[in-house]
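Each protein sequence line maps, in turn, to chains L and Z.
Here the first sequence stands for residues 3 to 240, where the numbers follow the numbering used here.
Here the second sequence stands for residues 0 to 289, where the numbers follow the numbering used here.
If you're looking for bench data, these hints aren't it; they were derived computationally from the structure.
Don't take each hint at face value.
Facing chain L, according to a computed beta carbon distance under 8 Å, are these residues of chain Z, among others [as the list claims (entries may be wrong)]:
id: 1; residue: 8
id: 2; residue: 9
id: 3; residue: 83
id: 4; residue: 163
id: 5; residue: 181
Bear in mind the structure is a predicted one, so any value in this text is a computation, not a measurement.
Glycine included, each C-beta is placed from N, C-alpha and C at the ideal position.
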Amino acid sequence: MTHLLEVRDLHARYGNTKVLHGLNLDVAQGQVTALLGANGAGKTTTLRALCQLMVQTTGSISLDGVALNSRNTEQIARLGVGHVPDGRGTFMALTTEENLRLGAFSRSSRAGLAEDMDKVYAYFPRLRERASQQAGTLSGGEQQMLAIGRALMGRPRLLLLDEPSFGLAPLVVKDIFAIMRRINQEEKVSILLVEQNAKLALDIADTAYLLETGRVVLQGSSADMRSNDAVRRAYLGE
Amino acid sequence: MNELLHQTLSGLATGGIYASVALALVMIYQATHHINFAQGEMAMFSTFLAWMLLDAGLPYWGAFALTVVLSFVLAAAIEFAVIRPMHKAPELSVVVVFIGLLVIFHSLAGWLFGYTIKTFPSPFAANAWYGSQLMSAHEVGAIFVALVMVALLFSFFRFTPLGLAMRAAAQNANSSRLVGISVGRMLMLGWGLAGAIGAVAGMMVAPVVFLDPNMMTGVLLYAFAGALIGGIDNPVGAVLGGFIVGVLENLMGSYVVGTELKLSVALVLIVGVLIVRPSGLLGKKIVTRV
């Protein structure tokens with residue numbers, strides 16, 4: 003199986019605070035890969051490191067053979083990495099539609115923009131209803147949909163999702179995860195999903211990594227992870 | 000009655016200039032939360048560039064266009080060379096840099112062009128059809144130019160992808176980077192636009208106040224008052240505030256405090272707004288949750 007993303011010996015720090023200590027990670031083409039772990043394990047930092055956002059990194063990151071670690075955040079976005087950030091990153095004072103338009107900024111051509119907008123609205127009909135509304139007035143779930151929609155507008159090859167379930171009602175989470183699965187299959191987008199809710203993540207993921215204090219301590223298929231005793235005790239609460 | 004109308008209308012004309020400079024201030028403030036104290040001196044310097052080009056024999060509108068372009072490039076270069084390296088510096092250091100720029104531009108203009116007061120032509124002929132007893136042709140023209148500029152900027156920010164990207168970069172830098180916007184480039188563009196707006200304002204005010212290195216000192220203060228009245232984070236408010244200050248300045252000058260104390264009107268307005276309504280007429284109240 004070919005790897006879309008290959009991460010080798012990734013170290014990351016905020017100033018003098020080291021958070022990642024030599025991470026190895028692969029995302030297979032077309033698959034959903036989950037990154038599990040407790041608070042402070044370095045999940046969000048891993049996603050930020052992949053995009054060179056706010057952290058200093060060493061080690062190698064390559065997307066389809068192209069090295070990412072020597073590039074800046076906006077160049078990485080233009081290479082087809084869609085990042086749905088921690089806290090959703092909504093442009094609060096802009097309208098829903100403007101938020102989506104911004105998502106297409108990384109694309110070299112504006113062709114097909116209207117079609118893509120329709121596609122996002124088809125996945126998330128709520129966003130169409132809110133198209134001209136100021137994005138800051140959207141509910142948490144709607145803002146999460148907007149963040150995913152914004153990333154999709156860039157026609158990404160790799161979608162990084164940072165805790166899409168955070169702070170949302172269970173029913174909304176269920177909807178969003180179902181749509182993420184559809185996006186993975188219909189748009190042929192590979193997904194790297196960061197999630198604290200291990201059960202939720204393992205249901206949707208093909209493979210998973212378990213992070214503890216900045217290191218990968220366990221990896222395997224979702225089925226293997228689900229049946230692992232340590233994972234069951236610590237992360238699935240069984 | 001006629002006199003009151005005349006004073007109000009001519010206040011609108013200077014108000015258009017304050018509105019333009021206020022707009023330039025707001026543009027940089029929105030993106031970086033800094034007040035560019037050198038905005039006025041940069042505009043003055045631009046006007047000297049225009050004077051030089053006119054002196055070299057260029058037709059008015061040719062010199063006008065070239066000055067706008069040069070001012071854009073100059074301001075963008077200042078952002079790149081001077082302001083960008085300061086992006087992690089404390090607030091006070093940045094303020095000092097702005098004041099340094101103010102002094103540099105002031106002295107540079109004096110050194111290059113001299114401190115003698117020069118006349119600067121108006122593109123609007125004194126006997127043009129739109130001039131009248133109530134408003135001179137230049138006053139009508141200056142208002143028209145200010146309004147056209149505001150309309151152009153509004154359309155740029157509202158309807159173009161680049162304008163949208165600039166608004167996005169001002170609001171949320173990290174999210175902007177994640178969608179592929181180069182935030183640094185947007186800031187540079189913002190500075191360039193502010194410089195260009197200032198240049199237009201300078202060329203519009205110079206025929207009235209005459210050209211010398213002190214030309215924009217008062218204008219900057221009025222513009223600052225205008226921006227504060229309208230709301231320092233709101234472009235529409237800044238334009239409105241600029242016009243309000245222009246009219247108030249003229250009326251207070253003619254009927255209340257006299258022309259010698261006109262500038263203090265601006266200071267009173269600034270202090271008054273900061274005490275009574277710090278966010279301005281149209282500004283957003285910023286609430287921080289703890």
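Outcome of the hint check:
no. : hint : verdict
1   : 8    : violated, 35 Å
2   : 9    : violated, 36 Å
3   : 83   : violated, 14 Å
4   : 163  : holds, 6 Å
5   : 181  : holds, 5 Å
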